[in-house]
Amino acid sequence: MATNAYIPHAPGYVDNDGPKIVSQRFVHEDSYTIERYEATGGYDGLRAALNRTPSAVHDEVRNATVLGRGGAGFPAGVKWGFMPPGKFPYYLVVNGDESEPGTYKDRLLMERDPHQLIEGCLITCYALGLAQCFLYVRGEMALAQERIAQALNDAYARNYVGRNILGSDFSVDITLTWGAGAYIVGEETALIESLEGNRGMPRLKPPYFPAAIGLYGQPTIVNNVETLSNLPWLVLNGADAYKAYGSETSPGTRMVAVSGHVNRPGVYEIEQGVTTFRDLFYGDNFGQGIRNGHELKMFIPGGGSSPWFFPEHLDLPLEAKPVGEAGSMLGSGAIVVMDETTDAVRAALRVVRFFARESCGKCTPCREGTTWEERILQRILDGEGRPSDIDMLLDIADNISPGPYPVAADPSQGLDAVPFPPKQTTICPLGPSSVAPIVSTIRRFRHEYEAKITRRDTIPVSVEPVTGSSDHHEVSA
Amino acid sequence: MTDTANDVSTVSVTVNGVEIEATPGELLIDACERTGTYIPRFCYHPRMKPVGMCRMCLVEVDAGRGPGLQPSCMLPVSDGMRVETESDLTKKAQDGVLEFLLANHPLDCPVCDKGGECPLQDQTMAFGPGETRFVEEKRHYEKPIPISDTVYLDRERCILCDRCTRFADDVAGDTLIHFMDRGNNTQVNTFPDEPFASYFSGNTVQICPVGALTAAPYRFKARPWDLEETVSTAWTDSVGSRVTVQSSRNQVVRLLGVDADAVNWGWLSDKERFAFEALNSDRRLGAPQLRQPGGELVDAGWAPALAAVTDALKQTPASRVGLIGGARLTNESQYAWTKLFKGGLGTDNVDAQLGDGLPAQLVLSLRRASINEACRPGGTVILCGPDLKEDLGALYLRIRHAVVNDGVTLIEITPTRTGLSGIAAHSLHPAAGEVAALASALVAAQRGEAQGAAGVSAEQVAQAAAALSGPVTVVLGRPSIAESVDSVTAAALALTELPDVAFLSALRRGNVHGALDMGMAPGLLPGRTPLSAGTVSEVWANTPSEPGLDTEGMLRAAAAGELDVLVLLGADPLSDFPDRQLARKALEAVTTVVAIESLPNPSTLAYADVVLPAAMATEVDGTFTNLEGRVSVSEQKVTPPGTARADWMIASEIARRLGNDLGFGSTADIRAEMVSVSPLFAGLTEEALIEHRIEGVLVTGSSISLPSASAPETPHHDAYSLRLVTGRRMYDAGTMVQASSSSAGLAAAVAVRLGTADFERLGCAEGTTVRVASAQGELLVPVVHDRGVPTGSAALAANAPGSPANTLIDCSTSVTEVRVERP
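So the sequences go chain by chain: D and A.
If you want our numbering, it's the position in the first sequence, counting the first as 1, plus 84.
If you want our numbering, it's the position in the second sequence, counting the first as 1, plus 8.
Here chain A stands alone, though its shape is the one from the complex (with noise of 0.2 Å):
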């Protein structure tokens, strides 16, 4: 300790008499926690700012001014600070600290779902009083009450520490709770009839230091001394977030987010947090099906069902089977899948992507950057891609903290408003199928020839270029499904040129950057690689010669006969696919369709022959990628309902019944088998992965060379038509959100949503019904106002409850041209 004494970059505390070393500007309580004292506290949160309100962690603290109490979570450390934490002034305040919060406290601790987990229980228990000398009646108020969908407040358990109003204010920038009357009245609550509805309510649930705010989903599910639990991966988006798993009697019943520092700083979105009641559905499937000539799908024997689809596989030519999905599955299934496709059948027809996502050649050979890395301060993040409140809640709230704290500049290329339009420098909303053009006008801009494009004027876009500083990042998705990836792709290729640029792939789907990294898309191999570059020769059997098919080849080739046995790993093209004609024509169309699933959906459902049913996350032992290319595990909590099995197990019983078996007989196998065929994965030994349980291992680098691309040309705007922009919401018709019960009634009813111009223009109240028909088809919506919405756009969120925008669009163009009319 002492030759550290003289280091400038530390200070000098003395904690209960020892010496401690510490980093100035370091908050005292977590200087003390970081070497093993522990001051009680409820308001203080690592991840916020903060307030000083409890007064739970004041302690007896010599500054060189005397010893006073200080609250220790807004102290830095100072060199030759003096602190006592047990002292009997230190005690005293203490001590008096927890009667006063208990004084109104209901104490209802037995039938409180907070109690045997609850701060203010052990913290009463270690530093509090014995009893009380309160005498007086309590507070009281109506308990509990619900605040919105999901979460109840009970405000006689609340202690006023202002965790969840801050994290609804600060955090997630959902003013939506608010402190309300004041002094002993005061009260955490909503305004009359606007309901906490935030995307991120459940975080305010678990950061509660009592009992006062419970979630749905686990109200009297469990007590916590039953729960078990182990670390894995949020799996309905590709952020990764980490999450304990809770089970109780082999059922998921909680999830709660890990402060991964890398990652998701122990926050979740809703959709990660309660999606786990997908796995308690009662429409899980338990058994294989098959279809009957009657048409009805029947319960069935594995034996049976695997003898249907390998009668069908081998039976059919390699170049006319296809394999569409993927993306929900672990690393590990998703490897054996693409050996038994790639390396058994040797057909090269597999796409994890379902044509509303980016090619996999762009996503893989673009200079990628960390989420810390586009969140350092000082740089510049431009979004290009979806709305990230809608579709990557976590990612959302990592960079809406690094623009509001840390400086970050926030540039937006996007067709609306999003999310966070709020705190963006700049939001330009360039005309749907034209991001392209702008993006090589920011380009341009940046080197000094600023010039208008794609509807936003020059100064716009002037601005916007001069706002560039630092590193930058883009962060790139699709921002519409109504719109051709090729203009993504050209916009993607021009912001290259920006310099000191990375990208992070905005991708939705849980698991779709493990997928590509498994090869599971046309013209690659695992690792990275490209199908030329013959990697895995020595260990698999075949090697496709030539690229295949994409998801929208493969539903053309379907749709023209060209295509015998399609194969749907998790995925449901009517409901995600962008044009719902093809992808009705091509299941139509096909001899035989496999659905490897563990949720019914409209696709299979309706044209599946042979359903094999598959466990989910947290049944099964894996692990994830995330979107910056970060592995982590995924554990095994539950076991899956009836037979259903692990995706690799599936493919492996269906290699070996083909006759080329894959070899795996366990997760381990099959990661070994990995390490082996690619230098990427050489970091992922399981050591590692025990190692970084927490932040889980990046895995950089790429052998993939950028795609070319140009911008597709686009239609000249004429009076009548609008151009349809459909991107995500959190909430929609999806399989695993109207699988759990909180979330499904949260998908909101569709409308269409026009800027002012178009919605004066059509002349109509808010909220009458309007047809809104493309060349492809029409739907009856009702129609709203939307400052967001630039003139010229029609905003219809995807896959939308009823209203499947995806009947309007024709995949084979560059934008959708609709028309809005009255009825």
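So that you can see chain D by itself, here it is in the shape it has in the complex (with noise of 0.2 Å):
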């Protein structure tokens, strides 16, 4: 059935074998629409949620273990029953502000299919007895609005949302919002933040959920659109059957977006705690090795903010726990692979300067501190670089994300790995994240500062071309 290929019209997504929850309906070309999507078992989950009491769809949440797919990981059922009782009203929100370098499935699950999305947010406010939700979809995703406001104009005229829907006295609004445009909004406190017309910082916790004090001061919850559009097949299945995907910790599928220099970079549907790292580069169904035959040297498991892993964690499976124990995470699923042409430098650079950029500017570490990382990293890539420079790098990242800091071992020094989370002096985990490349780099390859600094090297800047990816940045239509 599976064609084991790119599909034109979800650009980036391979349709490969193996258990599909959130992306079976990819391979329609109109899958976003209300008339494939009612073909294809659409708004059943809806139903049969109508049909129990509220609670015993929490618990059917609860039981399932659904992990959040929007980079902590934390079980969505757990974060639900966060809800001080009584304190109406209740809020729903979505963060649709997928921004992580490398990350992109969120924005094709709201291109190709914002009606499950739909459907999960109905369920989630059905089963906490929310009455509003609003989706919040980064500012830059034109397409994914377009196709959100489309089937949300569709679900109103067919009484999926609003008033008394499917004629229960179940009432829901949904109100679709876009951000302007920053990365940091994809953190939770800081998009409500943004939701409420106020610039895009986060608040300082505790509360350390918005469960208690959110949205204008409201109970809210915030979950990530793939962690909601796992809800109607769940709902529809049940939990048993979602669990039989997956690990016992990590159960059902996660998308997964892989760049980088492997043969077929793009957004796979995986199997949670089973599939692992080196399946996902190198298999048949997945990456496809390589390319042009060279050699792993390292990679990013879990967005920008996660530090790096190297050839010998191959092996280890996509499930939070054993990532976490050897020193990072998997955070929003992006993926980046790195050959032994990159340079671990500028590498280290490309990263930082992102955060920097990203910084929202509230907290002085992350604000002064990144910046200044850039500059250094910069300064040494320019053959400017001081003997002392790696040190301070070192002790700039302490002063921002101060204790030892997540990190792989390094078999060859005898060093053993960090678990994850990083402390932080800094509000947010954002200032923290920036020193995953500067950390796990130095460690592994400080002979590489080293050479930048005191012999003025450089290695010269890979432009090999990707294979088998020549048309996947294509934007459809």
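Do not take every clue at face value.
[Claimed, not checked] Cut-off 30 Å, straight-line C-alpha distance, at most; resulting in silico cross-link-like pairs (DSSO-like, lysine-lysine):
hint, chain 1, residue 1, chain 2, residue 2
1, A, Lys57, D, Lys163
2, A, Lys229, D, Lys289
3, A, Lys593, D, Lys289
4, A, Lys146, A, Lys99
5, D, Lys104, D, Lys289
6, A, Lys57, D, Lys171
7, A, Lys146, D, Lys507
8, A, Lys100, D, Lys507
9, A, Lys99, A, Lys57
What the hints contain is simulated information worked out from the structure, not anything from laboratory work.
Using the supplied hints, reconstruct the complex from the two chains, each of which is provided in its own coordinate frame.
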């Protein structure tokens, strides 16, 4: 059935073999229309939910251990339980501000299957007794906004959304909002600030979750697009069917975006805890090997904020616990593969620059520290490095993220892994995230830094094309 | 300590190994500071919501889940918490944050006004790294940029602590400065063409922890280590804000707000803050002046000037002498002048107000509330008076805070929209002159009999009445000088019928409440006592037998040729009396006008025969009484210019020359006599004033009974006339404002403001010059559209430069009807 190839209308997505929960409709060119959605079992999950009590739906989600797909991997069912009773109104906010470098799975879910997301929202609202949902979509994702807007109109017209949904006494309004282009707004409290019309800056914790005090001071659940997209299937097929996929601690499937030096970069729906990084990079079903016969040098396992992994981590399954123990995280599922032609310092600078540009400017260590790191790295690359720069970089990193920073083990130096997560002197993890590439590369490739500083060496920038991916950057019309 | 450990109202926290007691909910940073452990901070300010941005206050905290760094400004204490403010982890974090803050800081301390009193300097010395490792080029911005007429912003120095922006947004409600851009390019700025034109902008300069914000009056004037300072009271309005007066080389160069919990919380309006510039004005009077036969005022010595005054007083029967003004003076000077007039000359023609306030009997007889009582969580404030943002800035900030943060319900009964309308639960705008009818309707609605009144619908009145909850405080003042005061008096009397109601006076002049307490109004003796009580008979040579004339009465008598000598004690009737025509006639008719003044004003320039130069606040010792009745010290910091003297000295000198020595050699003598003549002042001992230096001493009680008044009849609304509403603006053509160089230009050119219907009916563009005409006179002013003005009213600010609204007002009528016409 599966073609094991790119699908032109779902750019970057590979229709491979394996269980499909959230990407099941991607093969259809018109998967975003309400007609196709209804023809493929759409809104049956909602009907199934409406026939049960809200608490039964909540229990189903809790039992299935649906881990949040936004980055932190917190179980959605448990998060829902933090709502203080009786403090109405409650709000549901959907975090569609996917901006992590290398991550583009939520965009596909919003563009290709907006009704699945809407149905997931409705199920959540029903389970928690909410009447208002806000869909916050990243500002740059014009097509996703368009598709969701159309889907919402259609869903309202057919009474899936609005008053007395499908003849029940359950009513929900869903409001579509879009951002103004800030990565930090993916942080849930910053997203709430942005929704309220303020600058997108994270709020202080505690409260650790906006469940207690969120949007407009009311209890608020913030869930990721992919998390909610799982719910229609889950409610329809049950927690046991969901848990049949994946591992015990990470059940179900998840979407990962593989980019960089593999032969076939793309978005794959994989089984959590079953598929390994080796499968993902080398498997015929997935990345089909490192490009042009090169060797794997390092990879970023979970988005720009995750500490880097190396060839010895290839056999780790994509599962939160073992990856965390090995010193990194799966985050938002953005995996960046780099072969031996990659300059470690330059690669680190590229990621650090992203965080420096995206710092909101609220906390001193992040605002000043990330830019300082960027400038030091740039200086080293420019041949102006000083011998003290390497230790200074690590010390600046320590002032943003005090104590041992999560990092992979280095058997060659006899160094153990430092497990995730890092500590932070900032409000949100953006600043500490900028430290990941620095600590990861200095620990493993200190000699590359030293070479640049002492011998003014530079490694030529790789310009080799990636095979098999000629058309995946094209935005579908 | 152990015996309180079981007390449920405290929790026990261990700071650096020492156990301290703290109240639940108290922030760790406060608990530590209170018990002697200072945690460095930049963004935290005790009067604003913590934001935890600067990360300077990170300390190692173990609240049961293992030690880690936590921002102490965001962390409420919890029982058993262990805190290390000097551990290696804490020190490394502090060192790191300071290094980050200094990375892009220009370190131009030698030319920075903040140098020497800069928290960034101080905390770097105490907690920071010895030197920087930052070798990159620093961030550059144009410096400094003016963000308003008074405030300059140097973005290179800014450490982005969010104090100024939080103040503007949360405290003042003037959302005019913001963070812009992001990350390393984050900067504070205004929107293009929208300056930081806030009445409270000076506060941001005071709370800026670096030299990023500076105010024009102090820029490059002094270095902190050269300053001498004393705690005093702001004098431009009646809130009695506590201030630090700082001087250098016998010149006041800066005023800073002092955090008095009962009064101003450290905030000041810009008028209070920058009014000191008038002290240094080159127009200050330094010598007495005598009018020459040619009509010119010429400097003279004290002896001939005083002789001219005493000669005039000796030749005139007491009943033909009057005293207007005195609200600028200290309590002691006011007492001395009252004693001179009432106890010496024996006339009761004394009035500290200029017909633009409220009757003294009303103010002194109403049950009073303090500011803190008005701001009690769960209570209600009824604003029946002027726009507090314009008149009493620091009180506006307190009430705004109470409404926004503490759940106080605000109901406005004002002639137009005010600075508080945006947060008021209900804004009722009665037709000019009909406030009493609306107040009665509100009281009736509270009893369940809702009816409309004064152009406000029954439904609106009922809704406002339903919102009344908890103790009610009426902030009572004069909303407009273009309507008779009787309607406000009647409104106040109606509102006394509300349950659990108390009043907070919103009379605006500096020490006007002190003047009333010292008996500077007809029918009164010092200590809120009626003339008939005779309490001073053992100390004073004389006591007037009959109540005398108030300012309006005196001016009428003068105009009718029944008054010969008028003493203007810091008063400018031409500008401030509601009826300019009557004031002019009176000043022209009277034989001798004696002015006791610090700065020449239009009335004295035109009509004074003798001018005696008086010292201003900060040039004399004394006390001030604020609108609550709170007495606080106002200390001398500098010497007055030339031979100017304290007002009480001038009174004493005149009395001595008239042969009835007041017996005062110092302000302490005067206070001693005040205490002896009234039990009200028993608390005003020297010890108490020193002990309560910051908060002041609250004087309570009164033996004045409520006046009776009925609302005056108002004419029928006719289709052609509008009713004039004339309230005050913070900056006007007043003598003090105009003598303060940074404030003088802020007095906006006046415009007549019309509501939508009236503006559209007029049918001309905004800014068109129109004729505003009353039976009394006319003005040519531009017209603007203002949705906050109700239909049927025309709003025109009082005492605006070049367009005195009081030329239109006849103070004998209940309302002032005007026509607004295209010329």
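Going down the list of hints, with the structure as the test:
1. A/Lys57 / D/Lys163: Holds - the C-alpha atoms of D/Lys163 and A/Lys57 are around 28 Å apart, at most 30 Å.
2. A/Lys229 / D/Lys289: violated (43 Å)
3. A/Lys593 / D/Lys289: Violated, at roughly 69 Å.
4. A/Lys146 / A/Lys99: holds (25 Å)
5. D/Lys104 / D/Lys289: This hinted pair is violated, its Cα atoms lying about 37 Å apart.
6. A/Lys57 / D/Lys171: Status holds; Cα separation ~23 Å.
7. A/Lys146 / D/Lys507: holds (28 Å)
8. A/Lys100 / D/Lys507: holds (14 Å)
9. A/Lys99 / A/Lys57: holds (25 Å)
This entry does not satisfy hints 2, 3, 5, going by the numbered hints stated previously.
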